Amino acid sequence: MRKVYIYKRFERFWHWVQASLIIFLALTGFEVHGAYTIFGFQKAAEFHRTASWMLIGLIIFAIFWHLTTGEWRQYIPTTKQLKEQVIYYISGIFKGGHHPTEKTGLSKLNPLQRIVYLGFKLVLVPITIISGILYLLYKTFDQNNLIVIEDYPLASIAFWHTLGAIMLMIFLVVHVYMTTTGKTPTSNIKAMITGYEDLDEEQPVELSQIEKNPSKP
Amino acid sequence: MVRNILLVIVVFILSLTVFIFFNQEDNYNLKLEVLRHKYALKPIPSVKHSKLSALQRDFKTPQDVTEACLSCHTETHKEVMASSHWNWERVAYVEGRGISSVGKKNVMNNFCLGTNSNQKSCAKCHIGYGMTSSDFDFKNARNVDCMVCHDNSDEYLKGASMAGYPDRTVNLENVALSVGSPRKSNCGSCHFFSGGGNNVKHGDLESAMLSCSREVDVHMGSNGMNMECVACHTAQNHQMLGKLYSVSTDNTNRSTCEQCHTSTPHLSDVINRHGSKVSCQACHIPVYAKVNSTKMAWRWSEAGKLKDGKPFEEDDSLGNHKYMSIKGSFTWARNVKPDYVWFNGTADQYILGDTIKSVPVQMNTLHGSHNDRQSRIIPVKIHVGDQIYDKVYHQLVQPKLYGENEGDSAFWKDFNWNEAVAAGMKKSGLSYSGKYGFVKTEMYWPVNHMVSPKGGAVGCAECHTRNNGRLAKLTGFYLPGRDHNQMLDFVGLWMFILALVAVLGHASIRIFMNIARNKFEKQIINYDEDKPV
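These protein sequence lines are chains A and B, in that order.
For the first sequence, the working numbering gives the first residue as 6, with consecutive numbering after it.
For the second sequence, the working numbering gives the first residue as 1388, with consecutive numbering after it.
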């Protein structure tokens, strides 16, 4: 066992600010959607707008960080051991088995995480943000100027934005739960707060071995 | 000591920050301040008419006054006689009709129905003298009534059913010496009392506005800017800016809020952007008829009931007529929330002679739709009722209502519909089958006045709400907060719940298996330790 510095300072800052912004945007967004009343429509809409600009700003910084540090390579998808990872979550985890993949500073995401997070970054967030920007700028150009957004019906912009929001909420639930599947239930969250995580040095145990002898670590 | 001062400064700055944070909406709006300053300065007239020798004389007839006016303003009658105030019609291109003349001369309404054959009474609100029938000479400048608009003595008064002549009590000399720019009381003498009483027709124009608070009308309130009607309804060459779509058709020469307030009056960009689809009035006139009641319904079918062979009237608790034998029964209302419609500035009227296309008969149709780029949501008063029509020709008919004597076939004297309609239609040059009935009607009155101070504007959530919002009846477009994709919300909610259930299920299995495994491991250990020594 050794302590490894796995999440950099900006990465942690980005993660937690993005998490709180997304939760706050969901809270205000579903109020604008008419699902409930907390702040009142006017305040909810105002807060939603402000928070959305903050999130867009943060994501621009995050993209810059990923590109300049080369961290984007962490998200290159792979099918190697993907199946094993899925099987682990379906059965291995119940038998006290080990993660089939090794977590290191250079490769901190397992194949399933790679695919899910890449989808999050390239599909889910863009759908929500692009539809959100269209929503935000709807009617910016009135009849005396060029009309860009007006001809696209607000109902479908709202559809995509709501769809993105619902998927993000589902992601949130599953994501928060999955953080408890580390070495101990809180080790992953601690790592995202402090940056350090205790990682194994040994090779990952093959799944076949786990099944034969579940009690052996 | 120093520490205390520092503490005070810190507390002061903190409280200032908090204060500013909670008072964001009261940010200083320079545009409004400039406007206030502009309209605070009341113009001084360049001429005092009381000093003019041409007016220092006796006037036998009101026409003499007009001649005295024209002795200096030698060409002004031409301007006046080109106006709709004089002609009671405007020539315009109307969709479906072509170039046509539309105005009080030929449109019908669901109040006193129409002017034809009733001119002598209706002409109380015509800027002329001697209109007794449709044969009135619109070319005679001597009959232009300058005083009704320009009297500043508050003494001028048109007589009841006197074909537009002033009441016999009016001192023409005083009036002539007082003339000046029109005041609220001049415009109001007709526009407040149209339909036969105060606030009957408009709902947003009434005599209380001669002296009201800012809460009633932020522009005209006497504790506010105290503006005159003509401050906004300016006139070039006696052509008034502004029109009402009970008698108007085209999208020209309108008086708008934007002419002073610009299209970006708010500090908030989001609210400014609403302006492309929502009129200013929709939010800034939360209710109309704020002081006195306005008529919401008029049922002509009930007219003509007599007590002991004599016509009678019944009032409600507020002193409004509930029933009149000559007119039928009414519904009144106060502090009314407007209805809302899409409107692009063009309209069509029911013109005498038109065939009824649908029931309720639309006395006027405001054109517009959510997918029309020129259309905006405007507040309207919808006046409903029923009125007499020709069962055979399927037309609304024009009864002769006003008459001087019994036996004149006027309904208000004889209470005989058949004779009244026959006389009225004959005067209008139209045929009548002799079979009448009553048909439901609707009329749309755009609400433009009684603007509330900004604090009283309609709040966001009054429209952006799931149920019973102000715009609940306007459908076909997506309104955030009101509309949602039901399918998406349903599927989305269940997917979210399923995810929660899946996660909780997974967690419980893990916990259960973990406990079971720990027990198993402990048993092994215990077995080792419990070996007999």
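Everything labelled a hint here was simulated from the structure, so no lab data went into it.
Note that the structure is a prediction, hence the values are computed from the model and not measured.
Think of the CB as a built atom: it goes at the ideal place given N, C-alpha and C, for glycine as much as any other residue.
Some hints here could point you the wrong way.
[Said to hold, decoys possible] Under the rule of at most 30 Å between Cα atoms (straight-line distance), these lysine-lysine pairs were calculated in the BS3-like manner:
(1) B:K1491 with B:K1465
(2) A:K48 with B:K1418
(3) B:K1694 with B:K1841
(4) B:K1507 with B:K1814
(5) B:K1694 with A:K188
(6) A:K48 with B:K1664
(7) A:K48 with B:K1465
(8) B:K1813 with B:K1697
(9) B:K1841 with B:K1827
(10) A:K100 with B:K1906
(11) B:K1664 with B:K1860
(12) B:K1906 with A:K195
(13) A:K100 with A:K195
(14) B:K1526 with B:K1491
(15) A:K48 with B:K1814
(16) B:K1860 with B:K1492
(17) A:K48 with A:K113
(18) B:K1526 with A:K48
(19) A:K126 with A:K113
[What the hints assert, rightly or not] Which residues of chain A face chain B? A few of them, derived with a C-beta cut under 10 Å, are:
(20) A24
(21) L26
(22) A40
(23) A50
(24) E51
(25) F52
(26) Y122
(27) G124
(28) M183
[Said to hold, decoys possible] Listing some non-contacts, in silico: residues in chain A with all C-beta distances to chain B over 12 Å:
(29) L32
(30) E36
(31) K48
(32) Q118
(33) K126
(34) L142
Q | Violated hints, by number in ascending order, as checked against the structure | A | 3, 5, 7, 9, 15, 16, 17, 18, 20, 21, 25, 26, 27, 30, 31 and 34
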